[in-house]
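Per the working numbering, residue 8 is the first one in the sequence shown, and the count goes up by one each step.
Careful: at least some of the hints might be erroneous.
Said to hold, decoys possible - With beta-carbon atoms standing in for the labels, derived distance ranges:
{"id": "1", "residue 1": "Val138", "residue 2": "Pro109", "range": "25 to 31 Å"}
{"id": "2", "residue 1": "Ser85", "residue 2": "Glu112", "range": "31 to 37 Å"}
{"id": "3", "residue 1": "Pro111", "residue 2": "Pro60", "range": "42 to 48 Å"}
{"id": "4", "residue 1": "Ala128", "residue 2": "Ser36", "range": "28 to 34 Å"}
{"id": "5", "residue 1": "Pro111", "residue 2": "Arg91", "range": "34 to 40 Å"}
{"id": "6", "residue 1": "His66", "residue 2": "Pro111", "range": "41 to 47 Å"}
{"id": "7", "residue 1": "Ser36", "residue 2": "Asp125", "range": "32 to 38 Å"}
Keep in mind the hints are simulated off the structure, nothing from the lab.
The C-beta atom is built at its ideal place from N, Cα and C for all residues, glycine as well.
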Amino acid sequence: MMSISYVSTAAAPFDDERLADLLTQSRRSNHANDLTGMLLYRRGRFFQVIEGPQDAVEHLMDAIRRDDRHSDVRILLSERIDERRFTEWTMGYEPIGVPTSPAPEGFRDTFDDLESDDDDAIIRAVRELTVWFRARTLAGATTLEREGSR
Numbered sequence: 008m009m010s011i012s013y014v015s016t017a018a019a020p021f022d023d024e025r026l027a028d029l030l031t032q033s034r035r036s037n038h039a040n041d042l043t044g045m046l047l048y049r050r051g052r053f054f055q056v057i058e059g060p061q062d063a064v065e066h067l068m069d070a071i072r073r074d075d076r077h078s079d080v081r082i083l084l085s086e087r088i089d090e091r092r093f094t095e096w097t098m099g100y101e102p103i104g105v106p107t108s109p110a111p112e113g114f115r116d117t118f119d120d121l122e123s124d125d126d127d128a129i130i131r132a133v134r135e136l137t138v139w140f141r142a143r144t145l146a147g148a149t150t151l152e153r154e155g156s157r
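Modelling step: build the complete structure from the supplied sequences, incorporating the hints.
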């Protein structure tokens, strides 16, 4: 099995309705292809983790690169895994709010770290967002249609 984490830029802003449509389509396709994962979206940027059989993950990544709903697909982390981290979700989703005021001095925005030129910062951000997502959703926080359950 393998896991790929990537970021991309939305071709046009996604509102809740477009996100719900994307999630419905993704969940159906992922279930049929034995894929699991999670998706975050903020300010026109997607962060996604996809995991499953290597052929299925690579096939989906090829489709994502060709999908005109987004561009600038950038693989952040590709790794072989022994077990899934998102067994509960064919495509889990958690909205990320946009900060409404300036950040306090010394504040680090993990989502923004995904755009770093520092590989260590990127890997740390991928790990932190993965842990944040799992902790938040497993604790019962609301998500947009938490139908990503298998």
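To see whether the hints hold, each was checked on the structure:
About 26 Å separates the C-beta atoms of Val138 and Pro109, a value consistent with the hinted range of 25 to 31 Å. Remark: the range hint 31 to 37 Å for Ser85 to Glu112 is upheld by a beta-carbon distance near 35 Å. Evaluation of the 42 to 48 Å hint for Pro111 and Pro60 yields a pass: the beta carbon distance comes to about 44 Å. In this structure, Ala128 and Ser36 meet the distance hint of 28 to 34 Å, their C-beta atoms being roughly 32 Å apart.
Between Pro111 and Arg91, the C-beta spacing of about 36 Å keeps the proposed range 34 to 40 Å intact. Between His66 and Pro111 the CB atoms are about 44 Å apart, so this pair conforms to the stated range of 41 to 47 Å. A C-beta distance of roughly 33 Å is found between Ser36 and Asp125, which places it inside the suggested range of 32 to 38 Å.
Every hint from the earlier list agrees with this structure, and none is contradicted.
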